[in-house]
Amino acid sequence: MIRHHPADTTLVAYAAGTLAPLHGRVVAVHLTQCAACRAVMAVGEELGGAVLDTMAPVALGADALAHTLARLDLAAPESAQETTAMTLEALTRGGRWRRVGPGVRLMKLVPRDATGTRLDLVRVSPGTALPRHDHRGAEMTCLLKGAFADKLGEYHMGDLEEGDVGLDHEPRALDGEECICIIATTGYLRAHGLFTRMLQPLFGI
Amino acid sequence: MTESRDPIAVFDGAALIGAIAARSDRAAFAALFEYYAPRLKAYLLRLGADSAFAEEIAQDTMLMVWRKAALFDPARANASTWIFTILRNLRIDALRRARLAVVELDPTEEPIAPPGADSVLDAAKRAGRLRAALTSLPPDQAEVIRLSFFDDRPHAEIERALGIPLGTVKSRLRLAVAKLRSALEGDE
Numbered sequence: 174m175i176r177h178h179p180a181d182t183t184l185v186a187y188a189a190g191t192l193a194p195l196h197g198r199v200v201a202v203h204l205t206q207c208a209a210c211r212a213v214m215a216v217g218e219e220l221g222g223a224v225l226d227t228m229a230p231v232a233l234g235a236d237a238l239a240h241t242l243a244r245l246d247l248a249a250p251e252s253a254q255e256t257t258a259m260t261l262e263a264l265t266r267g268g269r270w271r272r273v274g275p276g277v278r279l280m281k282l283v284p285r286d287a288t289g290t291r292l293d294l295v296r297v298s299p300g301t302a303l304p305r306h307d308h309r310g311a312e313m314t315c316l317l318k319g320a321f322a323d324k325l326g327e328y329h330m331g332d333l334e335e336g337d338v339g340l341d342h343e344p345r346a347l348d349g350e351e352c353i354c355i356i357a358t359t360g361y362l363r364a365h366g367l368f369t370r371m372l373q374p375l376f377g378i
Numbered sequence: 429m430t431e432s433r434d435p436i437a438v439f440d441g442a443a444l445i446g447a448i449a450a451r452s453d454r455a456a457f458a459a460l461f462e463y464y465a466p467r468l469k470a471y472l473l474r475l476g477a478d479s480a481f482a483e484e485i486a487q488d489t490m491l492m493v494w495r496k497a498a499l500f501d502p503a504r505a506n507a508s509t510w511i512f513t514i515l516r517n518l519r520i521d522a523l524r525r526a527r528l529a530v531v532e533l534d535p536t537e538e539p540i541a542p543p544g545a546d547s548v549l550d551a552a553k554r555a556g557r558l559r560a561a562l563t564s565l566p567p568d569q570a571e572v573i574r575l576s577f578f579d580d581r582p583h584a585e586i587e588r589a590l591g592i593p594l595g596t597v598k599s600r601l602r603l604a605v606a607k608l609r610s611a612l613e614g615d616e
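Protein chains in written order, with this note's numbering: chain A, 174 to 378; chain B, 429 to 616.
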């Protein structure tokens, strides 16, 4: 039972293609598990169709149609359509866990891109808390395994937490099972207290 | 239930895409191109693309429509929705290449099937209703939707554009989506 969902704003931006792509990756993981959000996403895509219909046409170059017609018979390029990893197994394939502190390991998926966003898997031992930190940019987290809690609530498999700028929290893995999350982080985090140094690789500061 | 409940006529691209799929119909493609390519270009320009990029992606989208026509399922999606998702994915891919960032392509290869859309008539009816419902939204809600499609920035920045708190942006959009969904699911 999924309790925490992306905001409609996020789902519509994802459907529109205007959400930061790495945040989109996290939303996509949630969507594989959440029919309710897929329904909102479908409305978003239909809105895209409606937006297209209502655009005032802007003429293309005079030879645009002829140019495109001439390309119709060209062989389609070999489609390197790799399926995007959505499951824990697929996401961790070929990756390497790196210990970044007691009970905390990190696997880099995508390094910081031009929008200042990076994508990582974070793996936390049962009962372990991350040091309290706040956010200079948006953060999006989806649970792949286990559960964690912070002041916004308790998060289980498939739940998605959106941390907006200014979120100040201290997430703790619940007892019993290790917790693995996929996290897109924009901008830099700011850790409070003594653990700053320990989590340097995680925070990138 | 009457057809007059769907007052806004929608260009019927589905039949043209069907003709491309069935018999590689170049005249159908030209008709589709004439309607969609200038709208695709306009949309890309509105998103801040330069003219050359807009023109290139608009043409690439139409080429992809030709290649993927057999995959189009008119019961799943209205033609404009389907073409929009192709445009969206090509644009994301092109931007990624331009940035040289190693971001993977948006995973949604096909539009997500709306729940309950199980016939071509349903899909067409949904399209008409959605457009009618859109025109009756309060301006503040319509504006938040517009910004979701026209502003290529993290959603949190919409608040800066409108000068209203993020909570208000979210609640307006939630209201708008709820209205659109109830319009879509009306008189089942």
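What the hints contain is simulated information worked out from the structure, not anything from laboratory work. Remember, it's a predicted structure, so these values are computed and weren't measured experimentally. There may be inaccurate statements among the hints.
[As the list claims (entries may be wrong)] Not close to chain B: a few residues of chain A, all C-beta gaps over 10 Å, as computed:
1) 185
2) 220
3) 244
4) 307
[Stated by the list, open to error] Covered by chain A, per the in silico footprint, the following chain B stretches (three or more residues, Cβ under 8 Å):
5) 439-447
6) 456-465
7) 471-479
8) 485-495
Where is the CB? At the ideal position from N, CA and C, for every residue including glycine.
Hints versus structure:
1. 185: With a cut-off of 10 Å, residue 185 of chain A comes too close to chain B, as the shortest Cβ separation is near 5 Å.
2. 220: violated (6 Å)
3. 244: At about 6 Å from chain B, residue 244 of chain A fails to clear the 10 Å cut-off, so the statement is violated.
4. 307: Answer for residue 307 of chain A: holds, closest chain B Cβ roughly 15 Å.
5. 439-447: violated (count 1)
6. 456-465: With 6 residues close enough to chain A, the hint holds.
7. 471-479: With 4 residues closer than 8 Å to chain A, the region 471-479 of chain B meets the three-residue bar; holds.
8. 485-495: holds (count 6)
Of the numbered hints listed earlier, those contradicted by the structure are 1, 2, 3 and 5.
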